[in-house]
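Undergrad: Can you make the complete structure from the sequences, with help from the hints?
Respectively, the protein sequence lines represent chains A and B. This note's numbering applies: residue 1 is where the first sequence begins, and numbers increase by one. This note's numbering applies: residue 1001 is where the second sequence begins, and numbers increase by one.
FYI, nobody ran anything at the bench for these hints, they're computed from the structure. Quantities reported herein were computed from a predicted structural model and do not represent experimental measurements.
Computed spacing ranges between beta-carbons, pair by pair:
(1) B/Q1091 to A/L49: 56 to 66 angstroms
(2) B/R1196 to A/G149: 52 to 62 angstroms
(3) A/R229 to B/H1182: 27 to 37 angstroms
(4) B/R1119 to A/R229: 12 to 22 angstroms
(5) A/L32 to B/G1118: 34 to 44 angstroms
(6) B/L1227 to A/H280: 34 to 44 angstroms
(7) B/L1067 to A/R229: 24 to 34 angstroms
(8) A/A37 to B/H1182: 49 to 59 angstroms
(9) B/G1118 to A/V157: 43 to 53 angstroms
(10) B/P1241 to A/I142: 45 to 55 angstroms
(11) A/D99 to B/Q1091: 52 to 62 angstroms
Examples of chain B residues lying across from chain A (beta carbon under 8 angstroms, computed):
(12) P1078
(13) L1082
(14) T1088
(15) Y1090
(16) I1095
(17) A1096
(18) D1098
(19) G1108
(20) E1110
(21) G1121
(22) F1122
The C-beta atom is built at its ideal place from N, Cα and C for all residues, glycine as well.
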Amino acid sequence: MTSEANSTKNAANGAPVRTFIDRQDLILMVILAGMIAIFSILNPRFFSLPALSNVLGDFGPVMLMAIGQTYVVISRGIDLSVGSILGLSGVVMALVVRDMNAAGYAAGLSISTGLLACLAVGVVCGLVNGLLITRARLVPFIATLATMGAAAGLSIVLTGGAQVAGAPRELILIGNKTFLGTFTIPVIAALVITAIAWVFLRYSRFGRWTYAIGSNEFAARGAGINVSRHLVKVYVLSGVMAALAGAFVYFRLGSGSPLSGRGGELTAIAATVIGGVSLHGGIGKLSGVILGALITTTVISGLIMVRVEPNWQQVVVAFLIAFAVGMQGFTKSGARK
Amino acid sequence: MTAPTTPPVYEVRNVGKSYGKLVALDNVSLALHPREVVALVGDNGAGKSTLVRILSGANRPDSGEILLDGEPREWASPHDALEAGIETLYQDSGIAPDLTVADNIFLGREILRKGLLGRLGFLDEPAMRRRAGDELAKVGVSVPSAGRPVAELSGGQRQGVAIGRAVAWARKIIILDEPTNHLGARQAAEVLEIIRKARARGLAVVFITHTLPHVFAVTDRVVVLRLGRIVADAPTASFTPDTLLKAITGLSEVPAN
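TA: Set out below in structure tokens:
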């Protein structure tokens, strides 16, 4: 088998395997820079700190959802419920905070209890997804579609379809006080969580098992990995990340809307596939997904700033998904032997 | 039946397995000895896969018993069997192509870093790469680099990694389900050499194949399954290609010994 080493074409390239930033990331950076340049020419105000702050405010929840989506897609699944989980968890947090605030509890206690309730929604929704997939043996597409519908319906039921206001002043302060004119506390938290998720996916056993299951579930099973338990954890992670996105939006707006997660699955999946994660599983890096999320949110913010009608956003994001997946078919990273 | 020189390391006695009305295995007994390569042959549907799944702990038999080193054992999962020193390489699917060679060798048995990072589940990649190369070399497999994704290797190299992984970890028994399938003549010969090295290390090897020349090239004993029953169990030397083929197809019940 030695003599074949040289006949393998890829062996000759000698590119270091798994560097932090590779050619694909560079291409994404160029695309991102190009988009920023175009939007800045069309509207010079796009290239300003307030606009950057705005992009980052949109980026946070998309990135958080995309983190969970990345783990899920690498395990060869899909999570369509992230947008609805964002909405439901945000609404639940808003209700808890409003009612505790009205009952006279301290703001700090109301907010932390609300945050715990919000995360609990994420855990439960992720658990439902994971168990539907591993126990009831539903395909991820159907299981998470069901959860998506259930969570969206529940958030309407809980709120009667109305926005939930009544947040204490402290909450809005936490969500909107900026540092260096740009970074809010939720943005900083999202960036820290992103960094942790990146390192964890790349260097931990949990991350490696996620790749292994997506690459060859049978081999992972044969190696003694409890695939079902791992997949449940992956979907719980995705649910928790979507709930954190819900908290992020609530901190930013100071109110919870049952409609706030609408289309969230679209942007999260867009960020993931633009970032180079293969829908066939086993391939993808969070460095790419960070750029994918930046590209997605830059497009959305940029379209608003050049006065494109907001309803076109979803059309554009959907087109981006189709384009990115189509491109994956032509590049080596998306190809499967 | 052969007269074993050593006590069997692994044994199934009178095992049966049915799927609904279909009897996949009917009262099958098989003993494996250290330093012995046993060919498991039979037509499609003869029960080879079912027997492999019982030996590897993936399925439980409906009846009969399993003994490891003379002790009755029950496998709740393949993981139990792995822990007990029984490695199985399933047909065509033992490896994750997107992971590196080292990741595949250590899949499910990762080396973690020392200290807090290790407790958080962080991997010691340099150690895994180093040791993967050593382990593969020990069992007679060479690959360009342990840090390279398996998808970038040739078919023969991939199979080498899969078998090397199984041999490197097996402490007692190794079960290879059609490891020479889809391989060229030279690559298949390399796989047979790995099997010989595994035997020299004292392992009991179960070698499932449809390629009769490979049976004669490397095995000590042949077990023939047909319709869920063992119809022949004799030293390889007691068969000719002709009598073995007859035993598999059922044109002759018993080999000439």
